[in-house]
Amino acid sequence: MNARLKGSRYSRLGFALVAIAFVAAVAAPGLAPHAIDDQFPGLLNAPPTLPHVQDDAGSWHAPFIYRWQLVNQLEQQYEADRSARVPLAWFSGGRLLGSTDDRRAPLLLLGADSFGRDVFSRLLFGARISLSLAAVAAIGAMLIGAGIGGIAGYAGGMTDDVLMRATDFVMVLPAMYVVLALRAVLPPVLAPAVVFSLLAGIFAVVGAPFIARGVRAIVRTERGLDYAAAAQALGASDARLLVRHLLPAAGGFIAVEMTLLVPAFIVAEATLSYVGLGFPDPVASWGTMLHDAANIRFADFPWLLSPAAAMFVVVLGLNLALERRASGIESLR
Amino acid sequence: MTKYLARRLAFAVFLVIAVSSASLVLARLAPGDFVTASQGGQMSREAMERARAQYGLNKSLGAQYVDWIVAAAHLDFGQSLLYDRPVRDLIPERAANTAILALTAIVLATLVGLPLGVISGSRRGGAVVGAIRSASLVLLSMPPLLTSLFLVFLAARSGWLPVAGMRSAQLPAGGALLDLIRHLVVPAAAIGLPLAAMLERVQAQAMREVVDQPFVLATLARGVPRARVVWRDALKPALRPVASVYGLIIGTLLSGSFAVEVITAWPGLGNLMLNALRARDVYLVAGCAGAGAMFLAIGTLVSDLALGLVDPRGRA
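Protein chains in written order, with the working numbering: chain A, 1 to 333; chain B, 1001 to 1316.
Just chain B, with the same shape it has in the complex (with noise of 0.2 Å):
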């Protein structure tokens, strides 16, 4: 066990490593740099090769990348050209917000999505089940670039709900936490209704498996309520399979919320990613691809382990 947590934590470093290398060398071999994204044709000549010279963007590429690497090494990921302030502080504050928004909406679609499928995967059609089907079949087909767009547009018409940021200018009465919560709803919702729906689908699937075996046939005919057949005794065999579903979510979760973070405007690591490219901020473009390889192979290990625990035939 400890060896393979070593193993894979030594292929997390790699892969992190890996990604941030090839964005940064990727990022400088772009025509243009953060100088002429910067200041257009305003500059003269040499204060724009003074500014290069500052920002380090005079040497070769292998001489920065060296730097670069020795400097990280030390965990110092280099300076923001853009916001002038240093990436390792840069990055946790926008991540710990991507963070948020993951974790709440894969609350939001489990809470959502689990009992629904437990629902329609138990019982043999009727109308909840149709119901829960085709909702489900809906929102599987919007992908969080559309129910964003969608949630933003009905946001927007009723006024119900702000529609940009993570919190408002002036902090309104509720507090700071009430004030979060109601920006986090749009966002939230447009990454974690795919999901539930995803997870209605897989639920529903295993239990639909496991209500067919003989035990739960068994348990009925001695008496147990129905109830409490399929929430405790079915549901419990049912979980594995989901369980399983968690690590390939946190892929789609990480491409799903750069979409929704970009249309509401929420200050997370997608958000970042894109102004660092625009800019040309190569140190930034690099530590933010390095975080999202990092949020990917922490999620990855993490649900691996979770499965461990649920289903031990799995462990290596």
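So that you can see chain A by itself, here it is in the shape it has in the complex (with noise of 0.2 Å):
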């Protein structure tokens, strides 16, 4: 048991993965070259620039780039001019790597977009939004759902009836298209701070009933174990038996639920940002990074879908993570 509980090295990779991008949206103001709205108007949709150390002539240099240089207005192509070498600076400026000559020849390690904006920095700062937006909905999530399904298993009888057929409810709603609809009350462009509570809140209540039925299965079947009547004759306040003793029980169950959600509400924000109902423009989040991408024939231009790269990585990483939430429960079984 203890050998599958430490769990496969996949599973490792998946915490690996989700601690990569964790530590990205954090330290984004330092690893990302530039802000997220700097914009280099002669390199719309410039293709990565690829950090070198080796130049043409075959010897060896610290890391440098070549400049782009647009060679075709109308199909924006670039080609890279080989004659100069453009060093690359590390901790300059307050960043971990630039470019020596930032208005010339950008560091670009994902491209430009079709504004001359950065992509790489702004999928980091990108992440922060998105991952932080999906972290908080999930924590509400379970606060809610938590706080439902503890009170209706422990109440039984009609509470836990009205609170379940009200769970019942809203699972059943279509839930994208109650999302679209509560969005579109408010005007279409909102302030970053407005969107995020909105957001986070919408998405909250609409993951709350799969933590709360499942919850108030598991206080329903502790509630009559022997350990909580004892807690009871104790002198244990109905909070306090809830809360300290009960929904404990259910850790296990809510953590493997909020795993699952996470990667909903990534998807759910970036599907939002994509059909222009979520955060406006100049910010950047993985879904309005895809916006832009879509507005242009994204197949020219690959490096515009590294945030679906980067959710798919993000997705992979929780649910490889689960692989062994998953399996350490069942051999406890």
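Treat the hints as calculated values from the structure; they're not laboratory data.
One should not assume that every hint holds.
Estimated spans, in silico, between C-beta atoms of each pair [unchecked claim]:
id	chain 1	residue 1	chain 2	residue 2	range
1	B	1220	A	235	57 to 63 Å
2	A	97	B	1164	38 to 44 Å
3	B	1061	A	232	48 to 54 Å
4	B	1131	A	191	46 to 52 Å
5	A	30	B	1066	58 to 64 Å
6	B	1158	A	39	28 to 34 Å
Just so it is clear, CB atoms sit at the ideal spot from N, CA and C, and this is done for glycine as well.
Work from the hints to combine the two standalone chains into their complex.
This is the structure:
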């Protein structure tokens, strides 16, 4: 059992992927070479500038890049100016790595978008919004779900009936349509902070029933066990019995459900921003970046899909991590 | 059974009324209305007031709602302001397109997911099982939003398949059906592949539990060939948990198909709802939301009934 709980290499890989995304989001200001709204007007949809260490003559140098030169304005094709090396500077200007000639030859690790903004920097800052929104919404769903499920399972009877009917009702709603309708009540363009709290709130309410139902079932079962009766006999109040003794029994279930909700929320934000009902333009989230990509022929500019790749990595990481969780619980049965 | 069915149907009707009423009220409460959304600042104040009166938007919210619900009771769901057609005609057309997409995706997911699940669940490791499991893990991590972007990217790069819409402007050689099928590939695969991965998961888990049971060993010991034991004797009981998953799928199907419809410009319910919301077309918003709720209610009901047929234990 111990070996299985420790999990496979895959589950550790999963945790590593999620950890990388988390660190990238937290450290974005130090890692990103540019700000989210830095525009390079001559470099619209420019491809990535790959760092080189060897020039065409075959001699070795500290990491450097070549400058992009526009060769076809209409097709937005660029060619590297291989005559001059632009060295990269470490730890300059409060960031990890950047070009020494930011105006003429910026470092674009994942290319530029159709406004000439650095995709890599926006991806890092976008991770902050996309991941924190999903995390806040999942915590909200946990608080609401555990509260409702705990009370319903503990109180039983009429309270239980009413609360469970309510969660059933939310669960059978066409979630995406409800989120759309709720979002559309407010003006299309709102301050980012308002959008953030609004989406987190809606997601939390839509996600809560999934937690509430499971928590209710667990609390109901646990309430009948001897330790609950013992705690009650020792004079524990209802609230204490529920919060200190019964809800912790649902901890594993809640953790697994939250791991399932986070990817769903990341994708929901991306979908809403994609259709233009999420965050307003200058804000970088993975969804707004895809929204920008969708406005042009992204087949010619594959780097514009990097937010989709980032989303895939995070969701894969969470799924891999859950693999261990699930098998751990299974082996305990 | 009749009583159960009646209760479920009554709940479905209640759900549809509640969802469409709420959407109408919400869409009406939103700042701006169809006139401001469609005309911008181009019209004079009088012309805007005339237009509002024509669309019934100058009434109070209560009066508008009462008018709408009375008409809806007579199956008249109002006139779409955006398309200038009755909502009653517009919705079935688009809902049918969504249903075509959703059904194709489910069939595709079933044909791909179930057999692979049987294979990976009935064997103890090996290269084939490893390949199936990693493929399904990857696809499970790609929700329809991502698969559709990826497939649109591939199709646009290769030029093999159309990436947008449902029909070509000019009917190509091979007829309308072939044209529809070619347009279906990208959106149906975008929804179907993640579903296939999910079905593979559930089917494999169910198979693993069944093949450990003594009756399987007994059947093998009687000399029944392995393939026949797996595909006939073990498969049947392993289908029960899978059948219950279909009920869950229907919810994700509607949300997933929304993203896919928008990305691949499939003229379905999701796209219609989005256009209606953008144009503040209140009656059409209410109609779409109601149709979405109905889609979901019918889907869950059908899957619950199907589950009752497969597994008599759950019958209420």
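How the hints compare with the structure:
| no. | hint | in the structure |
| --- | --- | --- |
| 1 | B:1220 to A:235: 57 to 63 Å | holds (59 Å) |
| 2 | A:97 to B:1164: 38 to 44 Å | holds (39 Å) |
| 3 | B:1061 to A:232: 48 to 54 Å | holds (50 Å) |
| 4 | B:1131 to A:191: 46 to 52 Å | holds (48 Å) |
| 5 | A:30 to B:1066: 58 to 64 Å | holds (59 Å) |
| 6 | B:1158 to A:39: 28 to 34 Å | holds (33 Å) |
Hint compliance for this structure: every hint is met.
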